Each structure stands twice: as structure tokens, then as C-alpha cells.
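> First to last, the protein sequences are chains E and H.
Here my numbering is used: position 14 in the first sequence is 14, and no number is missing along the way.
Here my numbering is used: position 274 in the second sequence is 274, and no number is missing along the way.
It is possible that part of the hints are untrue.
Incomplete in silico selection of chain H near chain E, CB under 10 Å [what the hints assert, rightly or not]:
1. V75
2. A79
3. A81
4. T85
5. E90
6. V105
7. E113
8. L303
9. S307
Sample of chain E residues facing chain H (criterion: CB under 8 Å; computed from the structure) [claimed, not checked]:
10. V68
11. W71
12. Y86
13. T110
14. D153
15. I154
16. L159
17. N160
18. S222
19. A296
20. A309
21. G311
22. P318
These aren't lab readings, by the way, just hints derived from the structure by calculation.
All values derive from a computational prediction rather than experimental measurement.
C-beta: ideal position from N, C-alpha, C; glycine also.
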Amino acid sequence: MDLAQAVLVVMWAGLTLYALLAGADFGGGVWDLLSGRSRTGMGRRRLIETSIGPVWEANHVWLIFVIVLLWTAFPAVFASVMSTLYIPLTLAALGIVARGTAFAFRKAATELWQQRLFGAAFAVSSVLTPFCLGTVAGAIASGRVPPGLARGDILAAWLNPTSLLSGVLALMVCAYLAGAYLCDDATRAGHPGLAEWFRVRALAAALAIGAVALGGMVVLRSDAPPLFSGLTHRALPLVVASAVFGVASLLLLYRRAYLPGRIAAMLGVVAVMWGWPLAQYPLMLLPSLTYDRAAAEPAVLAATLVVIAAGSLLVVPPMVWLFAVQRRSLRDAGTPE
Amino acid sequence: MGAWQSVLSAAGPASPADLIAARMQMAVSLGWHIVLACLGVGMPALMLLVEWRAIRTGDADYRRLAHQWAKAIGVLFAAGAVSGTVLSFEMGLLWPGLMGAYGQVIGVPFATEGVAFFVEAVFLGIYLYTWDRLPPRVHLLTGVPVLLAGTASAFFVVCANAWMNRPQGFVLSGGVARQVSPWRAMFNPAVPHETLHMIVAAFMTTGFLVAGVYAAGMLRGRRDRYDLLGFLVPFTMAALLTPVQILVGDFAGRSVATLQPTKLAAAEALFRTQARAPLSIGGLVSGDRLRYALEIPAGLSLLMGGSPDTVVQGLDRVPPADRPPVAIVHLAFDAMVGAGFLLLLLSAWLGVTWWRRRGLPRSPWFLRLAAVSGAVAVLAVEAGWTVTEVGRQPWTVYGHLRTSDAVNPAPALWTGFVVVALVYAVLTVFTLYVLRLIRWSERPVAPQEPDRAPGPGVS
Ligand code: HDD
Ligand code: HEM
Ligand code: HEM
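Chain E extracted, bound-state conformation (with noise of 0.2 Å):
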């Protein structure tokens, strides 16, 4: 493996993190615009609340690492996507910028008023941002991103068929984690009627996610033609295995056995997360800028790798303690309903 080939593998496996993490956290925002009227939703907001306080704050850097990576070792890739696709990129920080601070000052506030205010722009946001993101990927992936310095069109490059379907896959996908997530946190936190309510909607959230997958694969092979047959050829497995587990964790919820429907839903999207590299390795931007092409200096690769290194010595134990901290209290406290 040569020195860019590790930095693209660890900005991914960044990715997939956030997509995990952070995923679960739109999600989450998702079902509390979903959760009814404020009397009847508030179990529901204060579960949600509970689950994700604590780590939220952790699982955003995820993101800013990936893009720090990206711009030091691809930078003319960064360069690239971030000029062709500013706009759907700065509703995506927007939608950032309201949901942390709505979600901080929910907390805050004290009136009925106040709360459903900071509780509509975190709810609205949550469903902004990771559309958005998503319709970024997919035009990343139908190669409507030209290197070159706003060298694709601005409006078509994210308004197609591959960025509206992936925009809405991320979206649902999202629901579907946070669902599967909190299914498993209420039974934890001693509320099998929470877990009950988040089961049927997640169960819904993945049937309808099987259907757009499903119908989606016929709009790739017309709009998207070079990514349709990398899925249907060199990432064939991963596209398989993530049906397989996606499946698995419906039946595994259906029997509410939540901690491994929890387990194959993530392993779900991961699968789906290396599809896609895999269906356009080695390129980064179609049609020919392949990652070798792009990547920075051997001396500028060496030295961000050694700072991750060094980064993940001091990050990784305290985070496993924050997880602890945050699982223990959560299985002590109870969350009132």
C-alpha cells in the first residue's frame, strides 16, 4: 500500500464513522420532528435528548477531520468539490451551524415557546444536512465534479437523479440507524413503550429503504452508467453484503432482538460506504483524475499520517471513556418518560 492509499483509507474509515455517529445523530433529529405534539412527544424528545447529549459534540469532529484530510493530501480534489458544489455545501453547514446551537439551547430554555422554536430548527436541520451531503456524494460519484476550479455546473451537478436519490437514501438511512439505536437504548433505559413506538417507525424507515435502493439501481444505470457497473462488478460483494445485513437487521428488529439489529444495521451501511470507493477505484473524479494523480507530496502524506498516529494515541482511550461514562449513567439514571 503506498502513502495515499493509507490516507484514503483512513479518511474513509473517518467517513464511516461519521456516518455512523453522526448519522445516528440526524437520524435522531429526524424522529423528533416525527415524535407528535409536544405532550405526547416528550418521552420520545427526552429519550432521543438522553441518547445523543453527551457524544454528540465528539462525533462532529469526525466530519472536520475528513475534510482537513482531504484538503491536505487530495487538495485539488477538495478543491474541486468544494467550488462546484458551494451550494449544496453551505446549506450543509448552515444546516450544522442551526442544529448544534438549537440543539444546546433547547436545553437552555425554559418556555414551551422557546423549546418548540430551538426544537423545530434542530428537527429541521437534521433532514437539511444530510440531504444535503448526500446529494454532494452523488454527484461526487456520477462524475458530475470536473477538476478544475468551479469547472461543473453549480445547479445540475447536484440537482439530478443520482444526488436526489442519494440525498434521500442518506436521509432514510440516517432515520434508519437513529431508529435502531434508540429501539436499543430505551429497552436499556428500562422503556420497552419508547422501544415499542421507535420499532414499527424504524421497521417502515427500512422497508421503504429496500424499495428506493431497489428502485434506485434502475435510475443509476440510466443517469449514472460508469458507477452503476462498478456496483454491479468490482463492488458486487460489498453491494450484496449490504442488502444481506440490511435484511437481517429488519428481521433481527422485527424479533426485537435490538442490540444485533443495532449491529447489522451499522455493518449495513459500512458495507455500502466501501461500495463506493470500490466502484471507482483508483478514481477520485470522473472521468480520469485518479487518487495518485491527485495526492499531495509523499513528505506532506508521511507527516499527516504521523500526526494521526500520534492523535489516535491520545484520543482513542479518553473517547472509550467517554463512551463508558456515557453508557453507565444512561442504564443508571433512567430517562423519565
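Based on the hints, put chain H with the ligands in the right spot on chain E.
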């Protein structure tokens, strides 16, 4: 890598209006972030200080302060983190020309900064989550990495900025950076003065801002011991740092004189290269002259070289197209220095009365000024950054890349700027509002805090 040139070709030049929009958007989001960044660096120090006193003395007032400040940090960190995330997007959204050509050169300080953020975020989560769940001393220790990481992140990110002022660690060939040595780029000659000045500024700003909140409370008659401590601890920290900061500022000025003489000339509005260069305060820039300024003869030559015969380079050494907007830079520089001396006087006032009779000055004007001292410090920070950033114009990477070549050539950046500015305006209102709520509430409010059973009087 031979295809880099074609990869970096642009769709077309950005319109002048879009360039201005991009610069203003960057200024708004950085100007916003820097206030929270200052608090993110400085507040953990205050919090640890009072928690340590609380453990040592068992004093309930110190403990209450530690609790309140920790809550404020939780909320501020949330706002700081999201505003910082926007910045990392904007580096690419607005300045792809910079990042495409030089992203690999300044990537490493940003990556290191990322590690520091991770550490800060994780330990802050632990600290806020374990108030009553860990032995007090252990709990105090979990806060130490928050302080260290916050300071380190300020250091690293300012290294990246220093590089833009003093680019090195690469060889330019055909518009593309090659033979990059990331560590040499990171540790460039502008690092010492910029990082030191910024970190001291962060602690000062925090001290005056927090003290100002309690000063305002005291003016409204809240004069318990709790309020007095809430005022004195941060104010003392800031007051002790103010003279230090003025010395560091002097050091910064001398460094800039050698590294970026044009920037210094703009800051001092010195148009003509001369010995016995005067130190000009205030005044109006019109054309190639400064009028109505208060001039200290040979002052600048004395400050820069210690002798009136020191020749100071003026703006006449660079063609007009390579000069920064002098009026803005000069005004900002005076504002920063003026703010610094104002804060020094205020600090000295308390110092004198405390030394004489161990008490606050009796004049209500002391508290009134102290209440706005935080705003004055923020003004100094914003002005200082204006000197640094606008003083570097028309360059983004000094001497190598012009701002007009760094900007995103996509159309309609104006709309983006308007939307972003509106969002930040709303955000400002709500952040201030929520911080006010914290002052009166003992409930858990920070997003990382666990919910406790509601105490008496809380609905
Ligand atoms: C509390 C804030 C504060 C105060 C009281 C001062 N400064 Fe400052 N100054 C800053 C906060 C600041 C800053 C915002 O932190 C800057 C921007 C970039 C940097 O490194 O620090 C800065 C930049 C900055 C620069 C430009 C550095 C560069 O571009 O490389 C100079 C020359 C000075 N300052 C000089 C001074 C002097 C002579 C002061 C004497 C009173 C002073 N500053 C007080
Ligand atoms: C002098 C300038 C800056 C200083 C001193 C500074 C410092 C800080 C600090 C201390 C934080 C932690 C948040 C908090 O505690 O409130 C923070 C957050 C952040 N900053 Fe800045 N920053 C500066 C400029 C920038 C710039 C130019 C960028 C990006 C290009 C940036 C990117 C970020 C990011 C991504 C975060 C969020 C990290 C997280 O989620 O924890 N900062 N900054
Ligand atoms: C330390 C981290 C910082 C980095 C890496 C950074 C980076 C940049 C970049 C890339 C630009 C656009 C290019 C240019 O105009 O030259 C810019 C402009 C600007 N920045 Fe900074 N900046 C930093 C800190 C700050 C802070 C804290 C402020 C606070 C006020 C600030 C204020 C500005 C302003 C006002 C401009 C616009 C200047 C102009 O266009 O005239 N910067 N900065």
C-alpha cells in the same frame, strides 16, 4: 502529478462583487468564531482555578462559580465548534484557489489542530458529565486536558495563519507548490509573535468578558461575596496579562517590520520611507497622505530600531496595486492599541485601590467601565485580526497568491453571503439570550450535561 496545472484551472475570474462578498463572508464567520475561540481557550482556565480553590477551601461560593462557568463552557463550546466547522467548509467554498494550490502545505497544522479539538471535545464531555460521579480531585484533573488542548488548538491554527503571512517550506514551479516540507511551513518566522499574542489575547478577552458580567450584576445591586469573587478572579487574570500583552504587541510590531514592512507601513499610515519616522495616531487618510494625525516626532523610528535614525520603510516602496487599504488598517491598528492602553488604565485603577485598602474603587465609573471592558477586549481582537488580514492584502499567501486568484470563481457568491450573514445575526441574538438564561438558572443546560432530578423551584 503533472496534470496539476490543468486540474487547478478555473472556470473564469470571479466578479469583483463576488470577491467582496466572499471576503465579507469570511470576515463575518471568522470574526464570530474568534470570540468563541477566545472563550474556548480562556474559560477552562477560570473554571479550573475556581474548582481548585473550591476543593482546597471547601468554599461553597467557589464551587457555585465553577458550576456556572462549566455550564457556560458547554454552551459556548457548542457554538464554537459549529462556527469552526463552517470555517473549515469555507476554506474550500470561498478560497478553493488557495486550498487547491497550497492545501498540502498548510494541511499539517490544521490536522494537528484537529487532534487538539478531539482531545478538547472528549475531555469536556467527560468533565461536564462527571461532576458528581468522580472524586473531586480526579474530576479536576479531567479538566486539565481541556485547557491544554484549547490553548494548543489556538497555537496550531495560528501557525497556519502565520504561514499565510510568511510562506515558506515549498518551491513554486509553474504555479504549483512542490518539494513541500510541511514542518518547515508550519514553524515559520511569524509563528512566535502571532501565537503568543493571540493566546494572551484569548485569556485577556475571557477575563474581561466574564468579569464584565459580574460587574453589570454588581451595578444592579448584586453584591454578595459570590458576585465579588465572580468579578475579581477573572478581572485579576486579565489585568495581570494586559501589560504583558502590550509588550508582546510591541514584539509583534517589530517582527512585522522585518517580515511584512508593507503591513507595518499601512498600520502606521507611513507613506514615505524615512529616518525619524513619526508615530501617527488617528488622522484621515486621503490619497497618499495622512492628515490631522497626532504625530510623535521620530516615535516610530525609536520604537522599531531604538534610535531616531532608524529608517522605516513606507508604502512608497511597493506599487499602488500591491498596497493594502491603508485607511482600514491604520484605523484598526489604532483601535487595538487604544483598547490595550484603556484596559491597562482600568487594570491599574483596581491595582492601586486594592494595594491601598484592599477594596474595589468606590466610584461607580469603575464598575461601569469594567462592565464594558470585555467588549473593549473583543474590539481589540477584531481590530488586531483586521490589521493582520486586511494588512496582508492584496495577497492571501503573502507574495505568492493574490486574493482575487484564491477566490471561488463560481457565480452568485453574493447570495451565499447574505444568507450566511443573516444566520449569524440570528445566532448572535440567541447565544446572548441563552447565556443570560444560564445566569439565573441552576439547572443542567449544557448539551453534554446529564439531567439531574429537578431541584426546588425549577419547573
Ligand atoms: C486583547 C487583545 C489585543 C491587544 C490589547 C493588543 N492586540 Fe495586537 N493583536 C491582537 C490582539 C490584541 C490579535 C487579535 O490577537 C492579533 C491578530 C493576529 C495576532 O497574532 O494577534 C493582533 C495582531 C497584532 C499585530 C499584527 C501581527 C501580524 O500581522 O503578524 C501587531 C503589529 C499588533 N497586534 C501590535 C499590538 C500592539 C503594539 C499592541 C499594544 C497595545 C497590541 N497589539 C494590543
Ligand atoms: C485565531 C484563530 C482561531 C482560534 C484561536 C481558534 C480556536 C478554536 C478553539 C479554541 C476551538 C474550540 C471550540 C471552543 O472551545 O469554543 C475552535 C473550534 C473550531 N475551529 Fe477554530 N480557531 C481559530 C480559527 C479557525 C479557523 C481559521 C478555522 C478553519 C479554517 C477553525 C476551525 C475550527 C473548527 C473546525 C472548530 C471545531 C472543532 C470542534 O468541533 O471541536 N478555527 N477553534
Ligand atoms: C488563524 C486562522 C486564520 C486563517 C487560517 C485565516 C484565513 C483567511 C483566509 C484564507 C482569508 C481569505 C483570503 C484573504 O482575504 O486574504 C482570510 C481573510 C480574512 N480574515 Fe482571516 N484567517 C484566520 C483568522 C482570522 C480571524 C480570527 C479573523 C477575525 C476577525 C480574520 C479576519 C479576516 C478578514 C477580515 C478577512 C478579509 C480580509 C480582506 O479580504 O480584506 N481572520 N482569512
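> Hint by hint, say whether it matches the structure.
Evaluated hints:
| no. | hint | in the structure |
| --- | --- | --- |
| 1 | V75 | holds (5 Å) |
| 2 | A79 | holds (6 Å) |
| 3 | A81 | holds (6 Å) |
| 4 | T85 | holds (5 Å) |
| 5 | E90 | holds (8 Å) |
| 6 | V105 | holds (8 Å) |
| 7 | E113 | holds (8 Å) |
| 8 | L303 | violated (39 Å) |
| 9 | S307 | violated (43 Å) |
| 10 | V68 | holds (5 Å) |
| 11 | W71 | holds (4 Å) |
| 12 | Y86 | holds (5 Å) |
| 13 | T110 | holds (7 Å) |
| 14 | D153 | violated (10 Å) |
| 15 | I154 | holds (5 Å) |
| 16 | L159 | violated (15 Å) |
| 17 | N160 | violated (17 Å) |
| 18 | S222 | violated (28 Å) |
| 19 | A296 | holds (4 Å) |
| 20 | A309 | violated (10 Å) |
| 21 | G311 | holds (3 Å) |
| 22 | P318 | holds (5 Å) |
Comparing the model with each numbered hint stated earlier shows that hints 8, 9, 14, 16, 17, 18 and 20 do not hold.
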